[in-house]
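Peer 1: Now for the letters of each chain:
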Amino acid sequence: MDTSMPRYFFDLHDNFTETDDLGTELLDDPAARIAAVQFAGEVLKNEPEILEVGTLQIDARDTEGNILFTVDIRLKDRR
Amino acid sequence: MTNALHKRLACFTELDESDLAHLDRLCEDVRTVKVGEDLIGEREKPEEVFIQLEGWACRYKILPDGNRQITGYLLPGDMCDVFVFILEHMDHGIGALSDITYAAVSKQKIIDIFDSHPRIAKALWWSTLVDESILRQWLTNMGQRFAYERMAHIFCELWLRMKVVGLAAGDEFHLPLTQNQLGDTIGLTPVHVNRTLQRMRNEGLVELDNKRLKICDIEKLKEIAQFNSEYLHMKRC
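Just so you know, the sequences run in chain order A and B.
By the count of numbering that gives the first Met the number 0, the first sequence reaches residue 78 at its end, each step adding exactly one.
By the count of numbering that gives the first Met the number 0, the second sequence reaches residue 236 at its end, each step adding exactly one.
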């Protein structure tokens, strides 16, 4: 693994907040965006009930703690 | 050094002193490979059968985009397919997940066993069949089970496989995998592996520190994984 790649942290908020302490090395911001969307997809595939009771939000942070972007998924009842 | 091999084959059949001595003679050509190196690469011609003595290796395939799928682990006492030399080339690579020691057994020695030591020959066939069974189980887990169950299942399996070869003392064993490698095995992104592991830790199922995996609640873990060890065919363990 190329150690010069930046590290990204993906914090997950549904009913609870799960802070990512470890982080993942990824090539660049576009790669991090893809990883975040894939992560959201995996979480929802495994725990679809999350959207029954709330939203799924994934915040991507850099090593300095700046939030770079957010994936925000919700289910809206339209009746 | 062949202790794990003796224990592993003992799961299947009783081998007498002369069988065990013969197994040791098979393992005379001992080699080492450093972590990250290949024992054999994809497309190379297999000339020998590898018997894993110490450390972990894996079978893997690499896609053109560089993504990797790990399709099997070789733990101490495991071997690669007993008649692999029939093939013209390897359809996958075998790489070291830790520094490893293995024995390379020549084609002729393998053929001789089938003439002279039928009990060992049968045990080697058994080992190859179990590898295939494990692969079927992994495929089922990948296709039909959720991430949490999948990870619980692989931990139950590895715990049992390490235990029968005497390498899991006190429900704790050396797990030389990175999170990436674990993800490449059960088809999860590293980010998701990280989260699934944290969840297991929070629920008091496992602890993973410094590449040592401690199973804290094996019964709960088995229940989550719906783990049934029959596919490992360890009839004497």
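No lab work stands behind these hints: they were computed from the structure.
As the structure is a prediction and not an experimental result, all values here were calculated from the model.
There could be a bad hint or two in this list.
[Said to hold, decoys possible] Partner residues aside, some chain B positions facing chain A, computed with beta carbon under 7 Å:
1) Cys26
2) Gly142
3) Val190
4) His191
[As the list claims (entries may be wrong)] Below, simulated DSSO-like cross-link-like pairs (lysine-lysine); rule was C-alpha separation at most 27 Å, straight line:
5) B:Lys162 x B:Lys121
6) A:Lys44 x B:Lys162
7) A:Lys44 x B:Lys234
8) B:Lys106 x B:Lys162
9) B:Lys44 x B:Lys60
10) B:Lys6 x A:Lys44
11) B:Lys106 x B:Lys221
12) B:Lys234 x B:Lys121
13) B:Lys60 x B:Lys106
Yeah, the Cβ is synthetic: ideal placement off N, Cα and C, and Gly gets one too.
Peer 1: A separate judgement is required for each hint: does it hold in the structure or not?
Peer 2: Tested hints:
For Cys26 of chain B, the interface hint is violated, the least distance from its beta-carbon to any beta-carbon of chain A being 33 Å, above 7 Å. The beta carbon of Gly142 of chain B is not positioned within 7 Å of any beta carbon in chain A (closest approach about 13 Å), and the interface hint is therefore violated. Look at Val190 of chain B: its Cβ gets to within about 4 Å of chain A, closer than 7 Å, so that hint holds up. A least Cβ separation of about 5 Å between His191 of chain B and chain A falls short of the 7 Å threshold, and the interface hint therefore holds.
The straight-line distance between the Cα atoms of Lys162 of chain B and Lys121 of chain B is roughly 23 Å, inside the 27 Å bound, and the hint therefore holds. Annotation: proposed proximity of Lys44 of chain A to Lys162 of chain B is violated, straight-line Cα distance about 33 Å (limit 27 Å). Using a Cα cut-off of 27 Å, the hinted pair Lys44 of chain A and Lys234 of chain B is violated, with the two alpha carbons roughly 37 Å apart. Proximity of Lys106 of chain B to Lys162 of chain B is assessed by CA-CA distance (about 30 Å); at most 27 Å being required, the pair is judged violated.
Note on Lys44 of chain B and Lys60 of chain B: the hinted pairing holds, with a Cα-Cα distance of about 16 Å set against a maximum of 27 Å. A distance of roughly 40 Å separates the Cα atoms of Lys6 of chain B and Lys44 of chain A; the hinted pair therefore is violated under the 27 Å criterion. Taken as a hint, the Lys106 of chain B and Lys221 of chain B pair is broken in the structure, with Cα atoms around 40 Å apart against an allowance of 27 Å. A C-alpha spacing of about 14 Å is found between Lys234 of chain B and Lys121 of chain B, which places the hinted pair at or below 27 Å, so the restraint holds.
For the given pair, Lys60 of chain B sits about 24 Å from Lys106 of chain B by alpha-carbon distance, which is consistent with the 27 Å threshold.
Against the hints set out earlier in the document, violations occur for numbers 1, 2, 6, 7, 8, 10 and 11.
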